[in-house]
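Could you build the full structure based on these sequences and the hints that come with them?
Next come the chains, spelled out residue by residue.
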Amino acid sequence: MNKKTAKKGSTRILSGNHAAAQGVRLSRVQVIAAYPITPQSPVTERLSQFVEEGELDAQYVAVESEHSALAVCTSASMVGARTFTATSSHGLAYMHEMLHWAAGARLPLVLACVNRAIGAPWNVLNDQQDSISQRDTGWIQIYARNNQEILDSIIQAYRIAESIYVPVMVCYDGYVLSHAEMLVHVPSQEAVDRFLPQYKPHTILDPANPKNYNLVTLANPRINAEGVLCHGYMELRYLLQETLQNSRETIINMGQEFGELFGRSYANMFWEHRLDDADVVIVAMGSLAMEATVAADTLREAGHKVGVLGLRVFRPFPKAEVVKALEKSRLIAVFDKNISYGSEGATCSEIKAALYGGSARAVIRNFIVGLGGRDVKAREMADAVDKSLLSVKEGDLNREYPEWICAI
Amino acid sequence: MGTRDCRHICGESSPAIGEAGKTGEWRDSFPVIDQEKCLPARQNKPSCFLCWLYCPDAVVSKTIPIQINMEYCKGCGICAQVCPAHAITMIDEQGF
Numbered sequence: 001m002n003k004k005t006a007k008k009g010s011t012r013i014l015s016g017n018h019a020a021a022q023g024v025r026l027s028r029v030q031v032i033a034a035y036p037i038t039p040q041s042p043v044t045e046r047l048s049q050f051v052e053e054g055e056l057d058a059q060y061v062a063v064e065s066e067h068s069a070l071a072v073c074t075s076a077s078m079v080g081a082r083t084f085t086a087t088s089s090h091g092l093a094y095m096h097e098m099l100h101w102a103a104g105a106r107l108p109l110v111l112a113c114v115n116r117a118i119g120a121p122w123n124v125l126n127d128q129q130d131s132i133s134q135r136d137t138g139w140i141q142i143y144a145r146n147n148q149e150i151l152d153s154i155i156q157a158y159r160i161a162e163s164i165y166v167p168v169m170v171c172y173d174g175y176v177l178s179h180a181e182m183l184v185h186v187p188s189q190e191a192v193d194r195f196l197p198q199y200k201p202h203t204i205l206d207p208a209n210p211k212n213y214n215l216v217t218l219a220n221p222r223i224n225a226e227g228v229l230c231h232g233y234m235e236l237r238y239l240l241q242e243t244l245q246n247s248r249e250t251i252i253n254m255g256q257e258f259g260e261l262f263g264r265s266y267a268n269m270f271w272e273h274r275l276d277d278a279d280v281v282i283v284a285m286g287s288l289a290m291e292a293t294v295a296a297d298t299l300r301e302a303g304h305k306v307g308v309l310g311l312r313v314f315r316p317f318p319k320a321e322v323v324k325a326l327e328k329s330r331l332i333a334v335f336d337k338n339i340s341y342g343s344e345g346a347t348c349s350e351i352k353a354a355l356y357g358g359s360a361r362a363v364i365r366n367f368i369v370g371l372g373g374r375d376v377k378a379r380e381m382a383d384a385v386d387k388s389l390l391s392v393k394e395g396d397l398n399r400e401y402p403e404w405i406c407a408i
Numbered sequence: 001m002g003t004r005d006c007r008h009i010c011g012e013s014s015p016a017i018g019e020a021g022k023t024g025e026w027r028d029s030f031p032v033i034d035q036e037k038c039l040p041a042r043q044n045k046p047s048c049f050l051c052w053l054y055c056p057d058a059v060v061s062k063t064i065p066i067q068i069n070m071e072y073c074k075g076c077g078i079c080a081q082v083c084p085a086h087a088i089t090m091i092d093e094q095g096f
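The listed protein sequences derive, respectively, from chains A and B.
Here the numbering used here is used: the first sequence runs in plain steps of one and ends on residue 408.
Here the numbering used here is used: the second sequence runs in plain steps of one and ends on residue 96.
If you're looking for bench data, these hints aren't it; they were derived computationally from the structure.
Honestly, I wouldn't trust all of these hints.
As the list claims (entries may be wrong) - For lysine to any residue, the following SDA-like pairs were computed, each having C-alpha atoms within a straight-line distance of at most 25 angstroms:
1) A:Lys211 <-> B:Lys22
2) A:Lys211 <-> B:Asp5
3) A:Lys377 <-> A:Lys211
4) B:Lys22 <-> A:Gly395
5) B:Lys22 <-> A:Gly227
6) A:Lys211 <-> B:Ala16
7) B:Lys22 <-> A:Tyr233
8) B:Lys22 <-> A:Ile223
9) A:Lys211 <-> B:Tyr72
10) A:Lys200 <-> B:Pro15
11) B:Lys74 <-> A:Asn224
12) B:Lys22 <-> B:Cys6
13) A:Lys211 <-> B:Cys10
14) B:Lys22 <-> A:Ala225
15) A:Lys211 <-> B:Cys73
16) A:Lys211 <-> B:Ile91
17) B:Lys74 <-> A:Leu215
18) A:Lys200 <-> B:Cys73
The following block contains the structure:
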């Protein structure tokens, strides 16, 4: 690597998984523990190569399961190490208990979830059911639209997590991004070091000053051995909620600072495409938000004022910003690569909940798409929006259940 | 006054006696030792001490006579179960 590259970084053709691995290397992660699962495996394979070749000074812990992988990260974070793990689908489901534990213990872990469908039946292809199923574990969830955003989001994830002591899950679509190669700017180590300071743990394990962490905590507050009134279980839950509620400021500030240093700003909770004058808005998350821009442009050509709201941060959900962006809409078409069985797509529920009590009188339609890797074509999205425009004329605002774009 | 002043963001404490509160308050029966039957007391020499060994809360002393710290004894009755001389009887707490 010559001096110029060292300062400015380099532009490479990388798969989403290798972009993630580069982000982890640049974040100077100290402990990596992961278990292989499709389509995540290339992330940790690349990382083990970095460790083996001396490019990353980290402990690579081979474990027997995803549950153990997250247990290793939790323990290592507790004693002050910056940690990383990556997984998909059944692997993330197997981590479920430790996801709660990491958030409850307020450990700033970063996890890459390469979005994949969950069985039964077996399916290794993409949808977002895996990470959506972990919505209520107390983790911040960031979704990337492309490989550059994967790398950038991982670096920012450490900064966010370690500022407010909440773990961050960086999610990106399996195969669509994980195995697709695209141009990615890989910043220099020097520049990332300026953005990302060393991790300062709030948990200090020191034999000279021993502490207990997260022992049995009863419902009510209690006075500890030093005579101080301490939180009960419920006060600790409140603090986690309060921190997530207030985390949008940190997320936006870090995204802005990242932009100032690297020229790519993330000072937002969602991406906007032609939203300014739009009265028809497509809502989507992850790579689907890119596909949606093609659908919107097609509909624009047909004379409709269509824009796209591409959700970047799903937790915390940016209610106020979403309401502002959607207040002038007459039609909102929400596309979900997940389904909350018996209800509707998860992002659609969020949008509806956010709009309640405001002035919006938009028709809201929810489309379930792309489950188990079913291809989502921009044409199909445009047709779905086109069809929904009839409901605007009829004033048919809401439907109890979503529509599915499939062959049934 | 709320609990924010403790400044903890997760469950946190220092290892100390009484950290989990006075666990004796959990008890619904308490052990009574018959010193006539207790082997160390009867023989007046260190012996047996199975109650000391088995007590999960370490509230039984390894002394003659043995003593039980009632501030922390939860009344589980394991001492009474393991005593080979049947010297320990569990009595219901009145008004629990």
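Status of the hints after comparison with the structure:
1. With a CA separation close to 19 angstroms, the supplied pair lysine 211 of chain A and lysine 22 of chain B stays within the 25 angstroms bound.
2. Between lysine 211 of chain A and aspartate 5 of chain B the CA atoms are separated by roughly 18 angstroms; this keeps the pair inside 25 angstroms, and the hint holds.
3. Using a Cα cut-off of 25 angstroms, the hinted pair lysine 377 of chain A and lysine 211 of chain A is violated, with the two alpha carbons roughly 55 angstroms apart.
4. The suggested pairing of lysine 22 of chain B with glycine 395 of chain A is violated, with an alpha-carbon distance near 64 angstroms, which exceeds 25 angstroms.
5. Restraint check for lysine 22 of chain B and glycine 227 of chain A: the C-alpha separation of about 13 angstroms stays at or below 25 angstroms, so the hint holds.
6. Of the pairs offered as hints, the one joining lysine 211 of chain A and alanine 16 of chain B holds, with about 10 angstroms between alpha carbons and a cut-off of 25 angstroms not exceeded.
7. The suggested pairing of lysine 22 of chain B with tyrosine 233 of chain A holds, with an alpha-carbon distance near 18 angstroms, which does not exceed 25 angstroms.
8. Restraint check for lysine 22 of chain B and isoleucine 223 of chain A: satisfied, since their Cα atoms lie roughly 11 angstroms apart, inside the 25 angstroms limit.
9. Restraint check for lysine 211 of chain A and tyrosine 72 of chain B: satisfied, since their Cα atoms lie roughly 21 angstroms apart, inside the 25 angstroms limit.
10. Restraint check: the Cα-Cα separation between lysine 200 of chain A and proline 15 of chain B comes to about 23 angstroms, which is no more than 25 angstroms; the hinted pair holds.
11. Annotation: proposed proximity of lysine 74 of chain B to asparagine 224 of chain A holds, straight-line Cα distance about 19 angstroms (limit 25 angstroms).
12. Among the hinted pairs, lysine 22 of chain B with cysteine 6 of chain B is consistent with the structure: their alpha-carbon atoms are about 20 angstroms apart, no more than 25 angstroms.
13. Pair hint lysine 211 of chain A plus cysteine 10 of chain B holds up; C-alpha atoms about 12 angstroms apart against a cutoff of 25 angstroms.
14. Simply put, lysine 22 of chain B and alanine 225 of chain A have alpha-carbon atoms about 11 angstroms apart, close enough for the 25 angstroms limit, and the pair holds.
15. Our distance criterion of 25 angstroms between C-alpha atoms is met by lysine 211 of chain A and cysteine 73 of chain B, whose separation comes to about 24 angstroms.
16. The straight-line distance between the Cα atoms of lysine 211 of chain A and isoleucine 91 of chain B is roughly 37 angstroms, outside the 25 angstroms bound, and the hint therefore fails.
17. Restraint check: the Cα-Cα separation between lysine 74 of chain B and leucine 215 of chain A comes to about 18 angstroms, which is no more than 25 angstroms; the hinted pair holds.
18. For the hint linking lysine 200 of chain A to cysteine 73 of chain B, the alpha-carbon distance of about 40 angstroms lies beyond 25 angstroms, and the restraint is violated.
This entry does not satisfy hints 3, 4, 16 and 18, going by the numbered hints stated previously.
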